[in-house]
Amino acid sequence: QQQVRQSPQSLTVWEGETTILNCSYEDSTFDYFPWYRQFPGKSPALLIAISLVSNKKEDGRFTIFFNKREKKLSLHITDSQPGDSATYFCAASKAGNTRKLIFGLGTTLQVQP
Amino acid sequence: GPKVLQIPSHQIIDMGQMVTLNCDPVSNHLYFYWYKQILGQQMEFLVNFYNGKVMEKSKLFKDQFSVERPDGSYFTLKIQPTALEDSAVYFCASSLGLHSYEQYFGPGTRLTVL
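Respectively, the protein sequence lines represent chains G and A. Numbered according to my numbering, the first sequence spans residues 1 to 113. Numbered according to my numbering, the second sequence spans residues 1 to 114.
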């Protein structure tokens, strides 16, 4: 059973549009939610993250909106660029010995010029 | 950002052989992780290592797997013997500590078991 779910599986947008990527989770003890971006053949790179104390986190064109009650997050990318084309992973972790990350299956984004 | 290095980038071996995957974590980081990614699937946690010990391992971390970081050198994942289902990309990650949540990933080692 997937503890972290992402939708859609893939998405194509036009340059300049706003991209919305969705993520939901099951375990209410998760308290930290990073988003990673992975280009083909490259390592996943930390893009932006949010914790339970916030409802929103913004960094440039990237914004996370967090609905704790529904256990849902979304990553908004404004003014999407062709260089944003990549796979985006939502992950979650919780307090404990390790802070291991539980990943979703990812959303593959294609931004058309 | 901080760089994690992995050697080799690609390894092809015959089933039953031993393989060692090497990771050079960020220099001042204390927590080390291995994740496994099968093509088209998500990354899955294998093991976490801190202060010379395995802190947690998943059910994917079979008895044939072992990790170590002798004398602050490479953080290694050894598989002995390998099986066909071990074919995957293995990512190493490191973080500063439990209260610094950011994990930084290496470029991965693509392991192909024939």
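In short, the hints are calculated from the structure, not lab data. Positions of the beta carbon are idealized from the N, C-alpha and C atoms, including for glycine. Heads up, some of the hints might be wrong.
[What the hints assert, rightly or not] Pairwise CB distance ranges, derived in the manner of DEER restraints: (1) G/T18 x A/D14: 33 to 43 Å; (2) G/L52 x A/G97: 13 to 23 Å; (3) A/K62 x G/P113: 43 to 53 Å; (4) G/T12 x A/I38: 18 to 28 Å; (5) G/T29 x A/K62: 18 to 28 Å; (6) G/E70 x A/I7: 21 to 31 Å; (7) A/I38 x G/R5: 17 to 27 Å; (8) G/E70 x A/L84: 21 to 31 Å; (9) G/G16 x A/T112: 33 to 43 Å.
[What the hints assert, rightly or not] Just so you have them, the derived chain G footprint on chain A, three or more residues with Cβ under 8 Å: (10) 42-48; (11) 60-68; (12) 77-83.
Hints versus structure:
no. : hint                       : verdict
1   : G/T18 x A/D14: 33 to 43 Å  : 50 Å, violated
2   : G/L52 x A/G97: 13 to 23 Å  : 19 Å, holds
3   : A/K62 x G/P113: 43 to 53 Å : 46 Å, holds
4   : G/T12 x A/I38: 18 to 28 Å  : 25 Å, holds
5   : G/T29 x A/K62: 18 to 28 Å  : 27 Å, holds
6   : G/E70 x A/I7: 21 to 31 Å   : 43 Å, violated
7   : A/I38 x G/R5: 17 to 27 Å   : 18 Å, holds
8   : G/E70 x A/L84: 21 to 31 Å  : 41 Å, violated
9   : G/G16 x A/T112: 33 to 43 Å : 41 Å, holds
10  : 42-48                      : holds (count 5)
11  : 60-68                      : violated (count 0)
12  : 77-83                      : violated (count 0)
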